[in-house]
Amino acid sequence: MGVEEVKKPEMESSSEPAPLKDVEQEKSVIPPPPPPPSEKVAEPLPIEKKSGGSVDRDAVLGRIETDKKMSLIKAWEESEKTKAENKAQKKMASIAAWENSKNAAVEAQLKKIEEQLEEKKAKYAEKMKNKVAMVHKEAEEKRAMVEVKLREDQLKAEEMAVKYRATGHVPKKVLGCFGC
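Position 87 (the sequence shown) corresponds to 87 in the UniProt record's numbering; numbering is contiguous.
Hints are supplied without guarantee of correctness; some may be wrong.
Stated by the list, open to error - Cross-link-like lysine to aspartate or glutamate pairs, in silico, EDC-like; alpha carbons within 20 Å at most:
| no. | residue 1 | residue 2 |
| --- | --- | --- |
| 1 | K172 | E159 |
| 2 | K142 | E159 |
| 3 | K111 | E99 |
Don't read these hints as lab results, they were simulated from the structure.
Full structure from sequences and hints, please.
Shown next, in the form of structure tokens:
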């Protein structure tokens with residue numbers, strides 16, 4: 001990764017310090033771009049203290065800067081993931097609320113229709129009861145008329161019988177076969 005690719009100058013056994021040109025080249029080395037977020041970042045290597053002076057210091061500073069960038073990238077990634085998750089949860093909640101409101105509306109409509117049907121059923125039941133009552137009333141009236149007619153006929157027969165008894169005459173139409 002970026003930490004391992006930084007060149008470390010080898011310690012020479014001579015007492016001469018490293019040339020200035022090499023130090024300037026190491027400072028101008030640009031660390032490679034960070035790895036994609038899906039890769040796991042390797043743990044930084046432990047810092048070894050060498051008597052290299054500014055060369056080691058530059059390498060350590062480069063590692064620190066790379067680690068800082070990696071941690072910022074990781075924090076950004078986590079932030080973006082959290083935002084996406086919150087957005088998805090919010091949409092899920094709004095969909096659930098929409099579904100609940102639509103279900104409530106459908107249930108209310110169903111209940112209203114059921115109430116209307118119950119009202120119609122009650123009206124028709126009342127009409128049928130009224131018809132039954134009317135038929136019963138008409139039947140009672142007809143029975144009463146038949147009873148009245150029966151009493152009238154019985155009274156008439158009694159009056160005729162009294163008249164026939166008083167005169168001694170026999171009625172012309174006697175109960176069918178008795179007089180035959």
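Against the structure, the hints:
{"no.": "1", "hint": "K172 x E159", "result": "holds (16 Å)"}
{"no.": "2", "hint": "K142 x E159", "result": "violated (25 Å)"}
{"no.": "3", "hint": "K111 x E99", "result": "holds (18 Å)"}
Of the hints listed earlier, the one the structure fails to meet is number 2.
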